[in-house]
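Chemist: Sequence:
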Amino acid sequence: MGKRNAWLFLMLGIGLVLAGISTARGEPYLAVRTGFKCSQCHLNKSGGGKRTAFGAIYAQTFLPRVQMKTESNKSFFNGYVSEHVSFGGNLRLTNITVFGVDRPRRAYQRDNFFDIPEGNLYLQLDVVKDFLTFYMDEIMSPVGAQSREAFGMIHNLPFNGYIKAGRLLLPYGLRLLDDDAFIRQKTGFTYDNQDLAVEVGIEPGPFSLIVSGSNGIGGPGDNNLDKQFTSVGSVVFRHFRVGGSFARNRVPDILRYTYGGFAGLYFGRFTLLGEVDVIEERVKGQEEQRKEQGDRLAGFAEMDILLTRGINLKVAYDYFDPHTKIEEDHRYRLTTGIEAFVTQFLQFRALYIFADSVPQKPREREDSLILELHTFF
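Residues 7 to 383 in this note's numbering are what the sequence shown lists, from first letter to last.
Simulated from the structure, these hints should not be mistaken for lab results. Since this is a predicted model, take the numbers as computed values, not measurements.
Cβ-Cβ distance ranges computed for the label pairs, FRET-style:
id, residue 1, residue 2, range
1, Q292, E334, 18 to 24 Å
2, F68, I122, 24 to 30 Å
3, N162, Y263, 30 to 36 Å
4, L163, R71, 37 to 43 Å
5, D301, E89, 48 to 54 Å
6, F252, F276, 28 to 34 Å
7, K75, S153, 33 to 39 Å
8, E293, F83, 54 to 60 Å
Think of the CB as a built atom: it goes at the ideal place given N, C-alpha and C, for glycine as much as any other residue.
Work out the full structure, taking the sequences as your base and the hints as a guide.
Modeler: Now the structure itself:
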């Protein structure tokens, strides 16, 4: 597929979302489908991590295909062991089959392996109820214990505001589950990318604005006076949302700007998502090279169809252009599959990913089949 056709395909997917908005998050598609902000179902105001009591109840009542009942008929669980202490967790076990490329002559053989992409435990301590919270998101598997997030948060401030500080996932764009999506991988805002930061947010009515300042190197210490600035803002209504993100980071000899927009639309059984991001990397001494090659461009479009209660059909398209002024060097991925919330706290996913890239990078052109069992609470 030529760069022009791939770009038109991506714009068509994004255009479906934006056109619907002009006429008319769990994972972001669940937030769009319900009309909620991320903070409705997750303690982390920017999405991901431990579920709130509302999120836990929603996962037991609206998501599952079948509701299993206990002997006492008390099937609702919210993770609270006391008024001030609660727990949560995610465990994903995957089986991945990687198919060797067809051109030229199957350069790589098929591979099959098991993996645990996520094995996390969450701890929430409401030190001062409805005001001061201590939170930890601890990675337990597949490697040894290490912290993904650890912060203190003051919340219920004016304009439904909050302040949190510690080790954070930085706010940017749609917080997709798939870290390999180009809008997450190429911008650098993935679940594997945390930083020591201070974050401030307000969420009055349908509006949301979150800004953060961080070291910009993904951990403690810093080798310059500059800090990374990251922000995301959106307006959320029952059937659609639209927003934008901006990030700036300077390290020695490199100034990086990342910015883009995203949108979501829900109607009937259909949920549409889209995001486009531009990555400008200004390297000292390479100004002419950047003018000749252009910046980087990443895009994402997704459609989710609720086939029946608990069963979701997903189709997603990823696009990445490493040099906007150079033809035929783009990459794309097309993902399709089924996601089923079998019962409370149990999900199964089967996804097939079609991938294509330049001939010089055959591993980026390998398709894959992903089977995943996900349990959470």
